[in-house]
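Chains U and Y, in that order, give the protein sequences. Everything in the first sequence is counted per the working numbering, starting at 1 for the first residue and increasing by one. Everything in the second sequence is counted per the working numbering, starting at 210 for the first residue and increasing by one.
Don't take every hint at face value.
Which residues of chain U face chain Y? A few of them, derived with a C-beta cut under 10 Å, are [stated by the list, open to error]:
hint : residue
1    : G3
2    : S17
3    : T48
4    : R104
5    : D107
6    : L108
7    : M128
8    : N137
9    : T140
10   : R144
11   : W153
12   : P154
13   : V167
14   : S172
15   : A198
16   : V208
So the derived list for chain Y, only partly shown, Cβ under 10 Å to chain U, looks like this [said to hold, decoys possible]:
hint : residue
17   : G219
18   : R334
19   : D359
In case anyone wonders, no lab produced these hints; they're calculated from the structure. We treat Cβ as the ideally placed atom computed from N, Cα and C, and that holds for glycine.
There are 2 protein chains.
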Amino acid sequence: MSGHDYIRDGGAIYARSFAIIRAEADLARFEGAAERVVVRMIHACGMTDLPRDVEMSADFAEAGIAALARGAPILCDAKMVANGVTRARLPADNPVICTLDDPRTPDLAKAIGNTRSAGAMELWREHMEGALVAIGNAPTALFRLLELLDGGWPKPAAVIGIPVGFVGAAESKEALARDGRVPFVVVHGRRGGSAMTAAAINALASAVE
Amino acid sequence: MSGHDYIRDGGAIYARSFAIIRAEADLARFEGAAERVVVRMIHACGMTDLPRDVEMSADFAEAGIAALARGAPILCDAKMVANGVTRARLPADNPVICTLDDPRTPDLAKAIGNTRSAGAMELWREHMEGALVAIGNAPTALFRLLELLDGGWPKPAAVIGIPVGFVGAAESKEALARDGRVPFVVVHGRRGGSAMTAAAINALASAVE
C-alpha cells in the first residue's frame, strides 16, 4: 500500500487553500467582495502572483453581485466556463448560456467574418441587457463584445474578460479595461482561461467560501 | 466605433499561437508527439515557462495515442475536463466519462471518507483497464488513483495528472511521478487545471494543429 497521507475532507481543503492564498498573495488593493473574487481566481489557477495582473473597476463586484441577485443570465463564450459555474451557488437559479454549439453559430460566424466564438454572440442580443458576461477563452469574443456595444447593443451589468493566450488576449483585455463603459475585471497579459473565469462568477454568486 | 484591429480567422490564430509558443518555450526535452502535448498545454494556459515543471515518462505519448486509437475511454475527474475534450479530434469516438454527478457518488465518497472527486472514481472500475485517465482538478482523485492501483485495480494505459492548487496538488503529482507503474505526465507544483489537462488529451487524440 502506498499509504499516502493527505487531507480527504473537501471543506478542510477549501479552508486551508484559502488561508494559504490570503497569507501569500498581495491583496491590499482589493476589499470585501472584490477580494473574494481575486482569492477565488487564485484558487482556480494555483498562482499567488495573479493579483499583479488583475485590474477591476471599482464598481465591478457590486454590479456583478446585484445582477445575479436580480436573476441576470450568465453569458459564457466557452462551454468550459459554463460548466465551471457551481449551480448551487447561484442566488436566483440564473440561466447559464453558451451558444457556441448552437446550430446557427457556424453561419453567423461566416456572415460576420469572425471566429465561431464571436459568431455565437450574435445570439446573445435578447439576453444582453443587464447580463453578466463571462469571456474566458476567446480574445475574438471580447473584441466582438466591444464592437457590439459600439453598434448600439444593450449594455451588460458587468463583464468578466479573462481570455487566455498568445494572439489578441492581452490586447483585448487592455481594450476592455480602457473602454470603461461597463464594470469589468480582467487579468492583463497572456494568462487567463475558463477556470479563473468560472471562479470569478462563483465568487460573485455567493459570499460562502 | 472602436475599430479594433485583430485576427478574426480561427485557423490563423492557432497557427500564430503555436509559432509563438515554439519560438519562446524551451521544448528541447520533448520530441514528436510529446512535444505536441506540451505545446498544446502551453497554448491552454498562456505560459511559455510551463515546460520547466512538466515531467513526462518516456512512454507516455505513445501509450496515450495507442490507447485512444484502440477506442479507450477517457476517465475525467471534473466536468470541465470532459467538456474541454474536442470530440471531433477523437480517433475512435472514445467515450468521455465523468462520474462526479452520478447519484451514487455522494454515498461512495462518504463510504471511503474522501472527497466527492475521489468517491466518483469507485464507479470507474469497469472502465479502468487500458483507459486514459485525466485528473485535472482534484489532488484527492490523483492520490485515490494510486490507492486503487495499490488495491489491485486494473491499470490504465496512461495517466494525465495535472490537478491544481494549494493543498495536495504538488504532493499528489510528485507521488504519481515517483510511482512509475503507469505512463504519465504531470505539471509539478501548484499549477495545473482542467484546461491544460484537456489540452493534453486533445494533443494525444490527433496530431493536427
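Now for the hints, and whether the structure bears them out:
no.: 1; hint: G3; in the structure: holds, 9 Å
no.: 2; hint: S17; in the structure: holds, 4 Å
no.: 3; hint: T48; in the structure: holds, 8 Å
no.: 4; hint: R104; in the structure: violated, 17 Å
no.: 5; hint: D107; in the structure: violated, 15 Å
no.: 6; hint: L108; in the structure: violated, 13 Å
no.: 7; hint: M128; in the structure: violated, 17 Å
no.: 8; hint: N137; in the structure: holds, 9 Å
no.: 9; hint: T140; in the structure: holds, 6 Å
no.: 10; hint: R144; in the structure: holds, 9 Å
no.: 11; hint: W153; in the structure: violated, 13 Å
no.: 12; hint: P154; in the structure: violated, 17 Å
no.: 13; hint: V167; in the structure: holds, 5 Å
no.: 14; hint: S172; in the structure: holds, 7 Å
no.: 15; hint: A198; in the structure: holds, 8 Å
no.: 16; hint: V208; in the structure: violated, 17 Å
no.: 17; hint: G219; in the structure: holds, 5 Å
no.: 18; hint: R334; in the structure: violated, 18 Å
no.: 19; hint: D359; in the structure: holds, 5 Å
Against the hints set out earlier in the document, violations occur for numbers 4, 5, 6, 7, 11, 12, 16, 18.
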